[in-house]
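In order, the protein sequence lines correspond to chains A, B and C. Here numbering that gives the first Met the number 0 is used: the first residue of the first sequence is 0, the next is one more, and so on. Here numbering that gives the first Met the number 0 is used: the first residue of the second sequence is 0, the next is one more, and so on. Here numbering that gives the first Met the number 0 is used: the first residue of the third sequence is 0, the next is one more, and so on.
To be clear, the hints were calculated from the coordinates, so they are not data collected in a lab. Any given hint could turn out to be false.
Said to hold, decoys possible - Which bits of chain C does chain A cover? Going by a derived footprint, with three or more residues having C-beta under 8 Å, they are: (1) 95–104; (2) 165–179; (3) 198–211.
Stated by the list, open to error - One-sided excerpt, in silico: chain B residues whose CB lies under 8 Å from chain A: (4) T73; (5) P76; (6) F77; (7) L109; (8) G211; (9) L267.
Beta carbons: idealized from backbone N, C-alpha and C, even for Gly.
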Amino acid sequence: MAEKKSINKLKKQENLIGYIFASPWLIGIIFLGGFPILASLYISFTNYDMVSAPTWIGLKNYTILFTNDSIFWKSLWNTFYHVMIAIPLGLLVGIILALLLNNKVKGMGVYRTLFYLPNVVSIVAMTLLWMWLFQPSFGIINEILDPIYKLFDMEPLRWYQAASSAKMTLILMGLWSAGGSMVIYLAQMQDIPAILYESADIDGANWFQKTFKITLPLMTPSIFFNFIMGIIGGFQVFTIAYIMTGGGPARSTYYYAYYLFDKMMTDNAMGMASAMAWILLVLVLIITAFALRLNKRVVYLGEEG
Amino acid sequence: MVDEYKKPRFTKKQRERIKAIILHFVLAIASFAFLFPFLWMVFTALKTPQELLQGFNQFFPSDPQWGNFVEAVTKIPFFLYLKNSLIIVGFVVLGTLFSATTTAYAFSKLKWKGRDKWFLVMLATMMIPIQVILIPTYIFYSQIGWLGTRLPLIVPAFFGGGAAFYIFLLRQFFKGIPKELTESAIIDGANHFQIFFRIMLPLSKPALLTVGLFTFMATWNDYFGPLIFLSNPDHWTLAIGLRSFQTQFGGRYDLMMAASVLIMMPTLIIFFFAQKSFIEGITFTGIKG
Amino acid sequence: MKKLVLMFVLSFSVLAFASCGGTDDGKTEIVFWHMSPVGSESYSGMKTIINDFNDSQELYKVKGVGFSFWDYWDKANVAIASRDAPNIGLSTIDDVVSRAQSGVLYNISELMEVDTSGENIIDLTEFRQSQMDFSTYEGDLFAMPFTATTRALYVNLDVFAELGLDESDIPTTWSELETIAKMIDVEDDGDIQRLGFDPTYGDATYHGWLWQTGLDFFDEDLNPTLNTQGHIDVLNWIVDFNTDFTRSQLTSFGEANQLLGLNPFAAERVGMIVGNDGLYQTIINSGADFNYTVAPIPVPDDDGIRVSWGSGFSLEMYDNGNDSEAEKAGSYAFYKYLLSEDVQLQLGEVNGWIMAHESAMDTYVVDRPIMQKLLIEVDYAIDKVYVPYAPSWHGNDWQPYYTQILDGDLTPEQGLLQARNNYIQKQENFDSVN
């Protein structure tokens, strides 16, 4: 009887407690984040060159973007392409790395650190690596593939120098930062009870069976996390093109976020840039909300949602 | 059913060793591509400017200029910047761990009105590029008088600022902790604060380490936030100091790499020790008999 | 555990707030932003220049803050947009008008008129008219030229000597350029070992070559042109200059060095290159050690015009709307100081810039033969027009089409047409919101 009472009492308090625990973030978003975010929404309905005061123009920025801006659609397509390919690839590589490194063999710590290195090293050094690998004339990859090119009598791939392959090349380059997701998977794997593996061993299960029946299902919360973050981050892809290709060749790597950046920094069209930001936000929000629905079906949780 | 005992061709020890060798082989090849940029940075730091001119033709420094490291440290007010970096990073890591864990608990284990809508709002905050809110944010801080102090960089961390990523991450981890544990605690008369501190946090050590590590790294390397929001050059951090080696006319690449390598070291060292305790330290007991 | 956390927080707080606050000895503080951060080569020189001013008078104290060149613009833009700009700062000459229009700059002409101090009076005859024209809005100066840049042909004399050539053989026309360039080329099994010249390398630009034929991207009303045979001819000349090599090879040859922060000319991989005055400094910084000189950029064989793209920083006084009279007076005093002959000379020596003050520079180049030649070219340099609907008309708005034309993916006609249509679309959109 006493148990039921305390559970009911706790349920009533739960609403209040929920707010208390969430209060740091709630206060932050309302008082610290609120003004800048709402201001940017307001700015999207204005013409603002960042020097004079903004002037109200209503939906003009949005209509121009949708009806009289050929680059808008191109940049949106480039970003979509990136998201659709980079996310599955990124998930795959991160998971494989984590699976390979989640063991107690000596020296694994060194490898885990090595695979995480790209996330720590400056982007300048990474750019050098990618040049060294992917440069069509003197890059290592084309040198290794040379016999294959000769065999099929084809021109060496131009990687980031050709409009047809540049996006894919940048996606491959982005895989170097899979170390970040690897860390998250490794952390999640620690929560998998050892006893599950032990009883599987007793039943004679091999590595594959253990991986697919135990490890991966129990990793789904973090896989799902990296999937959602992949969507959110993927739609904002920018830096790698800014540094490596300048958005080219032929604007093939001119991503949506890059175009937004240019609108703001070089065209001084802050109003238009803000409009672009809000369009992106709505788009990504819809896709994410949709993906979140998958949560219940795909993610194994230690409890019900 | 009776399992037949088959005598394996190799002993278990031998099989383990073969697996280890194959693993090392595969990883060693793959990791070179990951090691290369770091090696290049270190070698560049040890070269003379004339050697740099040779480009890829000269990979190894012929006469390591260890003095470059000393020069990098003395040219900029290294220890002042170090102190500033430590202050900011220290507060931000603390603040983030605090606000992210409490908020994640609210989103994962508690039911309250509007929870799922606020969760979407939180995700939405990650979908706005920072440049677009930069100027309004700057004006905001200017109006409340925080410019000239470190507050714009520190206070938001205590209120979940920039922590949406970590809140989401921790939410996923918390959700993975079985309901039975929390419910039996409730039956025993515990309140949510006790559950939070005595159950959720201790069981989430790998996740907390991850959040701490990532926050450390992001803040340590962030030059843009300090550049824009720290009006007082006495508050500048190492990340900004690093930029002074890059001038309009090329600058001293060797010194820049030396400084970069030095600035990179804390993150690497912390990572190396953190990942050790991921794998070798934590065992999870007492679940699902 | 909790106690530990609390202690951490307290001690950090103490540290953080302990370094707050400054001293105020009654002097009005003037804030000056420049591009020599602590740790840069030019830092101590700038500090000396500022300290000399502070020591020379009792009323004002200038506080200089240096940002790295690459960060300066982000910082300045945010500050100006938030009306939190420094008292004095640097910007670019070509778009002074847009800032003047918005009222964020002090009217320098007015300040000059009411200046009765007799100290460091700005001598307008020492500054180039073209630069001052760019800094003028509705008849008044709203900024002063601070530095001047230009482009010239850099020539590797060691390579010339190797081929039995000397300074008198430096090309002056486009066809001479082609001839000499081919002599310098060294190829090894299809790969470029050394290149003579390429019209896309270094600081050469399509509009730079266009200007030499009297053409431009826009007409006087700022409508895009790009639709004449002359435009196509110049593009063809650029594309066909080095037909012995593919564009991929030429790009790769240039890329090999760029990424490592090396200039191909400084690395002695290219015999001649169009470079700006900064290349002089880059060569010094890189520690390269070979004989070279500087000459006017070769012009088209017929009716060629001697002109190059030159720009420069502007020195501006920012009006945040809340400056005291003392601040304004102090800022102007320091402003004049920075534009005076002796200080301009110092600034040039410290930063490696060509300063705008002509007499100061005449003194500066006395022992610097290369700089002397560069200084001559400054007189033939003009700045690019500021196009409000396409501020980066020569950059982001042109490069994608330019690279496709160079790669052969578009013919010059197609590329020019697409570029022109893009400008027209931008113009339409700009006009509909302004």
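We went through each hint and held it up to the structure:
Counting residues of the region 95–104 of chain C whose C-beta lies closer than 8 Å to any C-beta of chain A gives 6; at least three are required, and the coverage claim holds. Check on the region 165–179 of chain C: 0 of its residues sit with their Cβ under 8 Å from a Cβ of chain A, so the three-residue criterion for coverage is violated. Judged by the Cβ-Cβ criterion of 8 Å, the region 198–211 of chain C is not covered by chain A as claimed, because only 0 of its residues qualify and three are needed. Among the interface hints, the one on T73/B is violated; its C-beta lies about 21 Å from the nearest C-beta in chain A, farther than the 8 Å criterion.
A distance limit of 8 Å between C-beta atoms decides the matter here; for P76/B the minimum to chain A is near 21 Å, and the interface restraint is violated. Look at F77/B: its Cβ only gets to about 17 Å from chain A, farther than 8 Å, so that hint breaks. Proximity of L109/B to chain A holds as hinted, the smallest CB-CB distance being about 4 Å (cut-off 8 Å). About 11 Å separates the beta-carbon of G211/B from the nearest beta-carbon of chain A, more than 8 Å, and the hint is not met.
The restraint placing L267/B at the interface with chain A holds, with a minimum CB-CB distance near 6 Å, inside the 8 Å limit.
The structure is inconsistent with the numbered hints 2, 3, 4, 5, 6 and 8, although it conforms to all the rest.
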